[in-house]
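**Q** Listed below are the residues making up each chain.
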Amino acid sequence: LPDLPIDPLPLQVLLPWLDLAGLAVFAASGALAAARKRLDFVGACFFALITATGGGTLRDLLIRAPVFWMQAPTPVLLCIGVALAAWAIPLKWWPERALDWLDGAGLAAYAVYGAGKALQYGISPVPAVAAGVITACLGGVIRDITAGVPSILLRHELYVTAALGAATLFVVLTTLGLPAPIPAMLGFLAGFALRGAAILWKITLPAHRGA
Amino acid sequence: LPDLPIDPLPLQVLLPWLDLAGLAVFAASGALAAARKRLDFVGACFFALITATGGGTLRDLLIRAPVFWMQAPTPVLLCIGVALAAWAIPLKWWPERALDWLDGAGLAAYAVYGAGKALQYGISPVPAVAAGVITACLGGVIRDITAGVPSILLRHELYVTAALGAATLFVVLTTLGLPAPIPAMLGFLAGFALRGAAILWKITLPAHRGA
Amino acid sequence: LPDLPIDPLPLQVLLPWLDLAGLAVFAASGALAAARKRLDFVGACFFALITATGGGTLRDLLIRAPVFWMQAPTPVLLCIGVALAAWAIPLKWWPERALDWLDGAGLAAYAVYGAGKALQYGISPVPAVAAGVITACLGGVIRDITAGVPSILLRHELYVTAALGAATLFVVLTTLGLPAPIPAMLGFLAGFALRGAAILWKITLPAHRGA
Chain A
1 LPDLPIDPLP
11 LQVLLPWLDL
21 AGLAVFAASG
31 ALAAARKRLD
41 FVGACFFALI
51 TATGGGTLRD
61 LLIRAPVFWM
71 QAPTPVLLCI
81 GVALAAWAIP
91 LKWWPERALD
101 WLDGAGLAAY
111 AVYGAGKALQ
121 YGISPVPAVA
131 AGVITACLGG
141 VIRDITAGVP
151 SILLRHELYV
161 TAALGAATLF
171 VVLTTLGLPA
181 PIPAMLGFLA
191 GFALRGAAIL
201 WKITLPAHRG
211 A
Chain B
212 LPDLPIDPLP
222 LQVLLPWLDL
232 AGLAVFAASG
242 ALAAARKRLD
252 FVGACFFALI
262 TATGGGTLRD
272 LLIRAPVFWM
282 QAPTPVLLCI
292 GVALAAWAIP
302 LKWWPERALD
312 WLDGAGLAAY
322 AVYGAGKALQ
332 YGISPVPAVA
342 AGVITACLGG
352 VIRDITAGVP
362 SILLRHELYV
372 TAALGAATLF
382 VVLTTLGLPA
392 PIPAMLGFLA
402 GFALRGAAIL
412 WKITLPAHRG
422 A
Chain C
423 LPDLPIDPLP
433 LQVLLPWLDL
443 AGLAVFAASG
453 ALAAARKRLD
463 FVGACFFALI
473 TATGGGTLRD
483 LLIRAPVFWM
493 QAPTPVLLCI
503 GVALAAWAIP
513 LKWWPERALD
523 WLDGAGLAAY
533 AVYGAGKALQ
543 YGISPVPAVA
553 AGVITACLGG
563 VIRDITAGVP
573 SILLRHELYV
583 TAALGAATLF
593 VVLTTLGLPA
603 PIPAMLGFLA
613 GFALRGAAIL
623 WKITLPAHRG
633 A
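Chains as they are written, first to last, in this note's numbering: chain A, 1 to 211; chain B, 212 to 422; chain C, 423 to 633.
Everything labelled a hint here was simulated from the structure, so no lab data went into it.
Here the structure is a predicted model, which is why all the values come from computation and not from measurement.
Do not take every clue at face value.
Unchecked claim - In silico SDA-like pairs for lysine to any residue, Cα to Cα no more than 20 Å straight-line: (1) K248(B) with A207(A); (2) K459(C) with K248(B); (3) K459(C) with Y543(C); (4) K92(A) with A629(C).
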């Protein structure tokens with residue numbers, strides 16, 4: 001974060017963990033979507049991979065960073081491991097709406113991580129927030145469209161708003177100069193809480209009046 | 212335009228305006244699609260942003276330019292402003308097929324702008340036209356697929372052809388050495404006229420015989 | 423292939439041919455999908471172009487290579503030529519499941535070529551295989567989703583697995599040090615045979631139990 005008054009080290013230590021956490025939960029949500037479509041385990045790995053890497057790939061292309069999963073075998077192997085485990089676990093063992101909770105955790109983690117990596121690459125705050133939101137939402141969109149189910153964006157639930165809350169809070173607190181773990185944790189928690197509240201209590205913003 | 216016998220300055224002055232115009236109308240068309248799906252205003256901003264930035268993002272990646280909306284807050288803020296206005300205007304106030312006209316203006320502007328920026332980055336004329344066409348069509352495709360409606364490409368209307376007319380006329384006139392505003396204006400007008408004629412009078416090319 | 427104990431020249435001679443072969447068959451499959459939707463010949467060219475260039479574009483972005491079809495007019499002109507021919511040939515003249523066979527040949531060629539180009543750009547073997555598989559599958563996914571038909575990934579056929587077999591065999595044999603044409607040919611043949619067996623005899627991997 002060259003121009004921000006914070007120590008760059010903690011953020012650099014923290015962000016890779018958020019990245020792996022987001023990767024793992026999106027991989028599980030992709031594999032779960034494949035299992036519901038009764039795909040084989042290779043198909044589950046493929047869905048896990050495109051769901052988990054899709055958002056981060058776009059993010060890295062937007063900010064001109066090397067694409068993260070090309071640099072080392074870890075992300076691909078993590079996705080495959082998670083996908084095989086998720087495919088092997090019987091669907092009835094998963095809690096109801098498990099996919100939504102996994103997706104919500106990945107959404108919040110990727111919104112914060114995307115915005116943070118954008119700031120690290122010198123992107124200004126407004127596009128950094130937008131990049132965080134879009135790349136966080138992209139995994140779920142790719143998963144749903146490829147699986148042929150209506151995109152989660154259309155379900156009249158708080159979804160983009162949760163990513164927006166996470167990325168905005170993170171960027172605002174970071175530019176205020178707080179040490180990196182605080183904005184990252186608060187941003188993640190705010191986004192996950194918003195999405196969790198939407199799952200549990202169906203809180204929403206007012207819909208368009210439709211006329 | 213290093214190897215073309217024209218003064219690069221006028222094109223560089225003109226293109227940003229075509230870009231902002233295309234951005235605004237695609238943002239409006241994305242927000243309008245979201246309103247028809249009765250999404251909330253955050254969803255409308257999201258649809259506006261992916262519709263308006265999708266094509267230009269691919270264009271910049273193809274020609275290895277920095278992604279335009281990462282460089283400054285203006286494009287994101289413009290999309291959000293247009294989206295909020297479009298969402299707030301009652302749907303019945305919009306002229307019939309308003310989305311198609313907005314989309315047609317964005318299509319023609321982006322086809323010209325995409326081809327022009329490709330030429331500026333040293334891409335040769337044939338791929339420059341192709342890049343202009345694909346990136347101009349991409350916004351509408353992303354909007355339709357994400358909104359879960361049949362892609363405009365499948366509606367048996369002149370659509371890709373309008374973008375192709377705009378980009379081809381622009382590139383041909385530019386390589387003939389005309390000063391930049393003339394190819395840009397004529398290309399835009401040709402593309403918009405073709406698309407408008409398709410909207411008004413349903414002119415089409417012969418469909419495949421289906422056998 | 424800087425760190426691999428093979429002569430890079432033969433691979434560099436061979437890969438462009440695999441690339442053109444994959445491009446041509448994917449272009450034909452895109453144009454055929456457009457013809458089935460009764461699109462006009464411009465629409466067929468557009469579908470051919472996005473089907474044929476989609477996977478290779480993502481591959482080149484992932485490995486930070488210049489996007490292949492921006493470098494010369496050949497790929498675009500090849501796609502257009504193939505698309506016009508495919509559109510003009512009556513659908514009943516095509517062998518049954520012609521689209522699947524074309525798609526299978528493109529799939530195997532692109533899986534090998536994608537993995538090989540990734541190795542050439544210094545990507546390590548695991549992400550190179552993953553990049554080969556994803557970019558090989560992407561053309562068919564783009565074609566199907568844009569055409570509004572269920573993605574081939576969901577048809578409970580061996581598809582991703584064929585790409586995985588081709589890319590894995592190629593990368594393993596290459597890292598074992600075999601001269602380039604052998605891994606490339608064996609990888610292509612293994613992938614095409616797997617896909618062909620799936621088309622002819624409906625061989626599959628076990629589906630998820632669905633519970």
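**Q** Give a verdict on every hint.
**A** Structure-based check of all given hints:
1. At roughly 9 Å between alpha-carbon atoms, K248(B) and A207(A) fall within 20 Å of each other, so this suggested pair holds.
2. Distance hint between K459(C) and K248(B) is unfulfilled; the C-alpha atoms sit about 26 Å from each other, more than 20 Å.
3. For the suggested pair K459(C) and Y543(C), the alpha carbons sit about 39 Å apart, so the restraint of at most 20 Å is broken.
4. For the hint linking K92(A) to A629(C), the alpha-carbon distance of about 16 Å falls within 20 Å, and the restraint holds.
Violated hints for the displayed structure, listed by number in ascending order: 2 and 3.
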